[in-house]
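With the hints as your guide, set chain B onto chain A.
The listed protein sequences correspond, in order, to chains A and B. Numbers in the working numbering are just positions in the first sequence, counted from 1, shifted up by 736. Numbers in the working numbering are just positions in the second sequence, counted from 1, shifted up by 738.
No wet-lab data here; the hints were simulated from the structure. One should not assume that every hint holds.
What the hints assert, rightly or not - As a list, the in silico SDA-like pairs of lysine to any residue whose alpha-carbon atoms are at most 20 Å apart: (1) B:LYS842 with A:PRO775; (2) B:LYS842 with A:GLY778; (3) B:LYS741 with A:ALA760; (4) B:LYS842 with A:ARG780; (5) A:LYS807 with B:ALA835; (6) B:LYS842 with A:GLY776.
Claimed, not checked - Here are some chain A residues the structure puts well away from chain B; computed CB gaps all over 10 Å: (7) SER803; (8) SER816; (9) GLN832; (10) TYR839.
What the hints assert, rightly or not - Stretch-level coverage of chain B by chain A, calculated; a stretch enters the list once three of its residues show a Cβ under 8 Å from a Cβ in chain A: (11) 780-789; (12) 827-834; (13) 837-847.
Please read all numbers here as calculations on a predicted model, not as lab measurements. No residue lacks a Cβ here, since even glycine has one placed at the ideal position from N, Cα and C.
This is what each chain is made of:
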Amino acid sequence: NAGVTQTPKFQVLKTGQSMTLQCAQDMNHNSMYWYRQDPGMGLRLIYYSASEGTTDKGEVPNGYNVSRLNKREFSLRLESAAPSQTSVYFCASTVQLESYEQYFGPGTRLTVT
Amino acid sequence: DAKTTQPTSMDCAEGRAANLPCNHSTISGNEYVYWYRQIHSQGPQYIIHGLKNNETNEMASLIITEDRKSSTLILPHATLRDTAVYYCIVRVYGGGADGLTFGKGTHLIIQP
Chain A
737 NAGVTQTPKF QVLKTGQSMT LQCAQDMNHN SMYWYRQDPG MGLRLIYYSA SEGTTDKGEV
797 PNGYNVSRLN KREFSLRLES AAPSQTSVYF CASTVQLESY EQYFGPGTRL TVT
Chain B
739 DAKTTQPTSM DCAEGRAANL PCNHSTISGN EYVYWYRQIH SQGPQYIIHG LKNNETNEMA
799 SLIITEDRKS STLILPHATL RDTAVYYCIV RVYGGGADGL TFGKGTHLII QP
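Okay, chain A solo, but in the shape it has when bound:
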């Protein structure tokens, strides 16, 4: 039981490049989230998916897109990376959207130069 996994662990992009961050969970959870955490700052919600087939914007969705590929997988895409998107990205999952009992992945550390 791996919990929530994320790939890659580290990534360096040049401004304007694109990439997709992958997230998968094996806990049969319905809801999944993408957060970013800047140095010394708290979490900010980018997008979430209440259940397979649905996605919704969070607090800071600009510059990102998501896909809930199936119940297990939730990906985050940066179409044209900007230095302001340098951050640590965390994926999380929970049994259902109403719960705050969330389980997080190890994070992807992204640097945009």
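Chain B in isolation, oriented as in the chain A frame:
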């Protein structure tokens, strides 16, 4: 959501119980108390949550006062790996679309 107040930092000797307090004096009747921690450079980790009864799991115990205005997270036998920032948050069940937000938390340092 009710505001929470936690000490900025605490020390605890390895092997002793670590007791982390949280004040949430404006908590409403339908708000739960959740505890998370974040070890340096890792993802946040869910620890425990409760409404009004004391709760225990394999990681910790949560003691909520009868008036629910404060709570204490207890790590019964702290190890060096428990050094982390601990966050107490108060949320209404059903609001998960808002996502998690953490305040400053308590930086717990376990001393050898």
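Structure versus earlier hints, numbers of those that do not hold, lowest first: 3, 9 and 10
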